[in-house]
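Let's have the full structure, built from the sequences with the hints guiding it.
According to our numbering, the first sequence holds residues 1 to 512 in order.
Keep in mind that the hints are not guaranteed to be accurate.
Said to hold, decoys possible - Pairs of lysine-lysine, DSSO-like flavour, derived with a Cα cap of 30 Å:
#1 282 / 257
#2 102 / 166
#3 437 / 413
#4 263 / 60
Claimed, not checked - Per label pair, the in silico range of CB-to-CB distance:
#5 200 / 320: 31 to 39 Å
#6 353 / 262: 36 to 44 Å
#7 452 / 343: 41 to 49 Å
Don't read these hints as lab results, they were simulated from the structure. Only a predicted model underlies this, so the values are computations on that prediction, with no experimental measurement involved. Note that beta-carbon positions come from the ideal geometry of N, C-alpha and C, so glycine has one too.
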Amino acid sequence: MSREVRVRFAPSPTGPLHIGGVRTALYNYLFAKKYQGKFILRIEDTDQARYVPGAEMYIKDSLDWLGITPDESPWNPGAVGPYRQSERKPDYMKYALSLVEKGLAYYAFDTAEELEAMRERLTAARVVQPQYNSITRMQMKNSLTLPEDEVKERLASGEPYVIRVKIPRKEEVRLHDQIRGWVMVHSSTLDDKVLMKSDGMPTYHLANIVDDHLMGITHVIRGEEWLPSAPLHVLLYRYFGWEDTMPEFAHLPLLLKPDGNGKLSKRDGDRLGFPVFPIDWKNETTGETASGFREQGYLPEALLNFLAFLGWNPGDDRELFTKEELIEAFSIERIGKAGTKFDIAKAKWYNEQYLRAKSDAELAPYVQGSAEKDGFQISGETAEAIAALTKGRVSFPAEMWQESRFIVIAPEKFDEQVVSKKWNADAVQVLSAYQEKLDSFEGQFYAVTAKLLLESTAEAEGIKLGKVMQAVRLSVTGLGAGPDLMEIFAILGPQEVARRIRFALESLPLAQ
RNA sequence: GGUCCGUUCGUCUAGGGGUUAGGACGCAUCCCUUUCACGGAUGAAACACGGGUUCGAUUCCCGUACGGACUACCA
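Laid out in structure tokens, this is it:
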């Protein structure tokens, strides 16, 4: 009988969640849902110095926006809470001490200066990797080297100490990773990592193992940056006697910068012209805002789809997946091994696909919102018409309004390049006649109606419509290019079109 | 430096001992369009290198190169 699948996303609230973290969360979510398991959010706030207020809510808001809401979290706790490590503080010392009792960990009293001196001494002695390990620990101040009485005395006097894990001298540590297969590391390359810090808080390594065990985590899906410390984690499971329920590991390939080298970092923010955060993040100390995908106009379902394909693929040619389809298709076996460069052009393409798939009614509020920011109130009807006209031409919702604001705002200036090239006697002749016909027009004014009327006008004047078409567009929109002109006429209505044409005729006298 | 991980078109990737090495983004050309886009079609574009193993390696093995992660009382 296999256990219920339980996975966790465990960010530390040290700032805004970056997009790589979002992908990790997504993969965890997809995996959990695929197997009808639970997706847990655990806040790893054991580093008091780096704690950033607001980061927790940012994480929650980001996940909510993308629809990858945890089944258990600080905000909807399950049975294994609390879900913030700072609130689980008493547990960790207990577990660390159990290791000390078993002789698998020890107290260490070395000061920062002493540690630094040790590293310098080792470096001077040409030791390739100066570290606190099975060899050097015998020259340091710890419960392995100090007399028992002195250790007790130091502890009783309240002297600061840490608890370090005792890594075996010679041992091959084997670790199975679902993406990379078996990974072998020799314990001699590992150091005696700190488990409990002198402030009484656990380090990531201890807290992570204890919590994953206590929370019944079955699969650890996390970034590749954790692979080097995974052998230590395996060792800890063994030391605690939890090997039989040790989770499966899957270390995800990293998200890389699109330019140059290295992993995509928070600093890359707006440097590269695209966001690396899911939603806007305002830095309270500097007052600066790092932009997010949401505010840039990315639709959550598009970003989700894009993110899923960064390092994973379904094995066939399909690329457009709803969240439900992703859940159905997802598997750890199909996650790639190599790092993935972040290509914003593809994200944009996904956004276009999802934008076009939306109904005009769904898009209307976006148009109304943009208009309002611009200082205009427009009706739902107009907004829908604009959406219909522009959604196939743009990448982001806000561009629909930008593409068509001349519908609401009559042009006062005209594109000079188009004026000089296309504004001529023929155009003036056709437009003069057309505006008169529009004035006397009665009945429903559809796009085809507008077109028929324009065509017959040009014909009556003996002028090829194709020669003056751009001038017609110019007179009504002020521009040389844009959405289907006749559809625009239909939205404006005959009177408004006629009025604009007259304004253009007055504003643009023909040069003699 | 050390340990670990990786390497198919510019990018995301499929594939896998014998293939015209497939798709997508982007790019180019053409078609559609009385504009610009959308859409459609076509095209250019890749198995890092060197050794093995094999009748045959892009695919398996080893090495090299290159890239990346880690190397804190940070996660």
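Status of the hints after comparison with the structure:
About 23 Å separates the Cα atoms of residue 282 and residue 257, which keeps this hinted pair within 30 Å; it holds. As the CA atoms of residue 102 and residue 166 are separated by approximately 11 Å, the hinted pair is consistent with the 30 Å bound. At most 30 Å may separate the alpha-carbon atoms for a hinted pair to count; residue 437 and residue 413 meet this at roughly 24 Å. For the suggested pair residue 263 and residue 60, the alpha carbons sit about 24 Å apart, so the restraint of at most 30 Å is met.
Our hint of 31 to 39 Å for residue 200 and residue 320 is violated, since their Cβ atoms are close to 50 Å apart. For the pair residue 353 and residue 262, the supplied restraint of 36 to 44 Å is violated, since their beta-carbon distance comes to about 30 Å. For residue 452 and residue 343, the Cβ-Cβ distance of about 46 Å falls inside the hinted range of 41 to 49 Å, so the restraint holds.
Going through the hint list in order, the structure does not satisfy hints 5 and 6.
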